[in-house]
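Trainee: In order, the protein sequence lines correspond to chains U and Y. The opening position of the first sequence corresponds to residue 15 in my numbering, with each subsequent residue numbered one higher. The opening position of the second sequence corresponds to residue 15 in my numbering, with each subsequent residue numbered one higher.
Be careful, since some hints might not be right.
Mimicking DSSO-like on lysine-lysine, the simulated pairs with C-alpha atoms at most 30 Å apart in a straight line are [as the list claims (entries may be wrong)]:
id : chain 1 : residue 1 : chain 2 : residue 2
1  : Y       : 220       : U       : 220
2  : U       : 155       : Y       : 133
3  : Y       : 89        : Y       : 168
4  : U       : 177       : U       : 220
5  : U       : 119       : U       : 89
6  : Y       : 168       : U       : 177
7  : U       : 119       : U       : 135
8  : U       : 116       : Y       : 133
9  : U       : 177       : Y       : 89
10 : U       : 119       : Y       : 155
11 : U       : 133       : U       : 116
12 : U       : 133       : U       : 89
13 : U       : 168       : Y       : 155
14 : Y       : 220       : U       : 152
15 : Y       : 168       : Y       : 155
16 : Y       : 55        : U       : 116
17 : Y       : 133       : Y       : 89
18 : Y       : 168       : U       : 116
19 : U       : 138       : U       : 119
20 : U       : 55        : Y       : 220
21 : U       : 89        : U       : 135
Think of the hints as simulated: they come from the structure by calculation, not from any bench.
There are 2 protein chains.
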Amino acid sequence: MEKGISQAVIRRMPRYYRYLGELLENGVERISSNDLSNLMKVTASQIRQDLNNFGGFGQQGYGYNVKFLYDEIGKIMGLNCRHDIIVIGAGNLGLALTNYAKFEKLGFVITALFDINPKLKGTKVRGIPVYMMDELEKYCKNHSIDIAALTIPKDSATEVAQKLVDLGIRAIWNFAHVDLDVGEDVIVENVHLSDSLMQLSYNIVKNTANE
Amino acid sequence: MEKGISQAVIRRMPRYYRYLGELLENGVERISSNDLSNLMKVTASQIRQDLNNFGGFGQQGYGYNVKFLYDEIGKIMGLNCRHDIIVIGAGNLGLALTNYAKFEKLGFVITALFDINPKLKGTKVRGIPVYMMDELEKYCKNHSIDIAALTIPKDSATEVAQKLVDLGIRAIWNFAHVDLDVGEDVIVENVHLSDSLMQLSYNIVKNTANE
Numbered sequence: 015m016e017k018g019i020s021q022a023v024i025r026r027m028p029r030y031y032r033y034l035g036e037l038l039e040n041g042v043e044r045i046s047s048n049d050l051s052n053l054m055k056v057t058a059s060q061i062r063q064d065l066n067n068f069g070g071f072g073q074q075g076y077g078y079n080v081k082f083l084y085d086e087i088g089k090i091m092g093l094n095c096r097h098d099i100i101v102i103g104a105g106n107l108g109l110a111l112t113n114y115a116k117f118e119k120l121g122f123v124i125t126a127l128f129d130i131n132p133k134l135k136g137t138k139v140r141g142i143p144v145y146m147m148d149e150l151e152k153y154c155k156n157h158s159i160d161i162a163a164l165t166i167p168k169d170s171a172t173e174v175a176q177k178l179v180d181l182g183i184r185a186i187w188n189f190a191h192v193d194l195d196v197g198e199d200v201i202v203e204n205v206h207l208s209d210s211l212m213q214l215s216y217n218i219v220k221n222t223a224n225e
Numbered sequence: 015m016e017k018g019i020s021q022a023v024i025r026r027m028p029r030y031y032r033y034l035g036e037l038l039e040n041g042v043e044r045i046s047s048n049d050l051s052n053l054m055k056v057t058a059s060q061i062r063q064d065l066n067n068f069g070g071f072g073q074q075g076y077g078y079n080v081k082f083l084y085d086e087i088g089k090i091m092g093l094n095c096r097h098d099i100i101v102i103g104a105g106n107l108g109l110a111l112t113n114y115a116k117f118e119k120l121g122f123v124i125t126a127l128f129d130i131n132p133k134l135k136g137t138k139v140r141g142i143p144v145y146m147m148d149e150l151e152k153y154c155k156n157h158s159i160d161i162a163a164l165t166i167p168k169d170s171a172t173e174v175a176q177k178l179v180d181l182g183i184r185a186i187w188n189f190a191h192v193d194l195d196v197g198e199d200v201i202v203e204n205v206h207l208s209d210s211l212m213q214l215s216y217n218i219v220k221n222t223a224n225e
């Protein structure tokens, strides 16, 4: 297993994966690091550095084998296994995630949604059942779940996250605007939309000041 | 205007802002960098370094004035002005953004949605009108728009982004899974959900391998 690779490098890998996937779809079999650099608007040196973290996949005078590199990055990112996901919260955001068919192609399969709204009991989203929160424990006992996506308000997120961890879930995709304190053996990946908006507004203010 | 502050530091600012906001709500007037460090699980040295980028707001033996620091970070992040947003795409994700009232408290006000589905013409979401895409040009001429949120599929995103730029929009909050090539004077902030999922799955694989 690779060790000591910075999260910054890991954060760049999905973008490589996306570009390589598009090259593959377009029938490109190999690409030089310069061409990849132009395409991705990243320096060739950055590309070589990034990929060297994983042993490097380029060959002098040949460039990168697109399919091989795509598959290797996929393996590194765990995309060669299926990951079952449950979505906690069947509001707009939960529905948006569930309706996004692209995730399945990457091996991320949403198997159930959970909500507290009794009107949603027994309904389905794209064929995927919506259960009530009081059915969560039973569901977790009978199914293997790799990831829980948390799309519920901040106020209940902490409590629900703890419940998920108690039920054995080891990875949380957290959309609630709160830092979850669930122990070091649980992986939390945050998507904080307000933070992203603030980042945007910072850059707007900076741009305006520099004009 | 501050210059040369790394985007990594900027990316950490919203989290400071969130914690300081919560302290304020709880009536905390000042906090030492050690207490803030414990609360945020960041080293006190990191906190001092981060805040020094902005001139530093701490005083020896006093700590940080919560309200002052909160307001200053707010100003730095452009949260002291109102930002008008239009949402392109009134699907689940567009609705989720529109229904998230928290954004307004931060000064981000969604003023209109746009879609191509004729069934949505004339409807409203939380009082906010949904227009058809062919009304976009007229709307942009008559309203000041700071940010366009792009929640449409990848295939149409590039074209629509160019249209928005042609209509004078200078900041795009992009949820489409594609890199927008819209020129250097346009700010693009990407939220790539698949990338976030891949990051999560990488860490799951790594954790499993280390067990």
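Trainee: All the hints need checking, so say for each whether the structure fits it.
Mentor: Status of the hints after comparison with the structure:
Annotation: proposed proximity of residue 220 of chain Y to residue 220 of chain U is violated, straight-line Cα distance about 38 Å (limit 30 Å). Proximity of residue 155 of chain U to residue 133 of chain Y is assessed by CA-CA distance (about 42 Å); at most 30 Å being required, the pair is judged violated. Note on residue 89 of chain Y and residue 168 of chain Y: the hinted pairing is violated, with a Cα-Cα distance of about 34 Å set against a maximum of 30 Å. Between residue 177 of chain U and residue 220 of chain U, the direct Cα distance comes to roughly 42 Å. Violation of the 30 Å bound is thereby established for this hinted pair.
As the CA atoms of residue 119 of chain U and residue 89 of chain U are separated by approximately 14 Å, the hinted pair is consistent with the 30 Å bound. About 36 Å separates the Cα atoms of residue 168 of chain Y and residue 177 of chain U, which puts this hinted pair outside 30 Å; it is violated. A C-alpha spacing of about 28 Å is found between residue 119 of chain U and residue 135 of chain U, which places the hinted pair at or below 30 Å, so the restraint holds. Under the criterion of a C-alpha separation no larger than 30 Å, the hint pairing residue 116 of chain U with residue 133 of chain Y is consistent with the structure, at around 25 Å.
For the suggested pair residue 177 of chain U and residue 89 of chain Y, the alpha carbons sit about 38 Å apart, so the restraint of at most 30 Å is broken. With a C-alpha separation of about 40 Å, the suggested pair residue 119 of chain U and residue 155 of chain Y falls outside the 30 Å cut-off, and the hint is violated. With a C-alpha separation of about 28 Å, the suggested pair residue 133 of chain U and residue 116 of chain U falls inside the 30 Å cut-off, and the hint holds. Our distance criterion of 30 Å between C-alpha atoms is broken by residue 133 of chain U and residue 89 of chain U, whose separation comes to about 41 Å.
For the proposed pair residue 168 of chain U and residue 155 of chain Y, the alpha carbon gap of about 37 Å is over 30 Å, so the pair is violated. At roughly 28 Å between alpha-carbon atoms, residue 220 of chain Y and residue 152 of chain U fall within 30 Å of each other, so this suggested pair holds. Simply put, residue 168 of chain Y and residue 155 of chain Y have alpha-carbon atoms about 26 Å apart, close enough for the 30 Å limit, and the pair holds. Taking the CA atoms of residue 55 of chain Y and residue 116 of chain U, the gap is about 35 Å. The hint is violated against a cut of 30 Å.
Straight-line distance between C-alpha atoms of residue 133 of chain Y and residue 89 of chain Y comes to about 41 Å, which puts the hinted pair past the 30 Å bound. Simply put, residue 168 of chain Y and residue 116 of chain U have alpha-carbon atoms about 11 Å apart, close enough for the 30 Å limit, and the pair holds. Distance check on the hinted pair: residue 138 of chain U and residue 119 of chain U sit about 21 Å apart at the alpha-carbon level, within 30 Å; holds. Simply put, residue 55 of chain U and residue 220 of chain Y have alpha-carbon atoms about 29 Å apart, close enough for the 30 Å limit, and the pair holds.
For the given pair, residue 89 of chain U sits about 37 Å from residue 135 of chain U by alpha-carbon distance, which is inconsistent with the 30 Å threshold.
Hints 1, 2, 3, 4, 6, 9, 10, 12, 13, 16, 17, 21, counting from the list given before, are not met by this structure.
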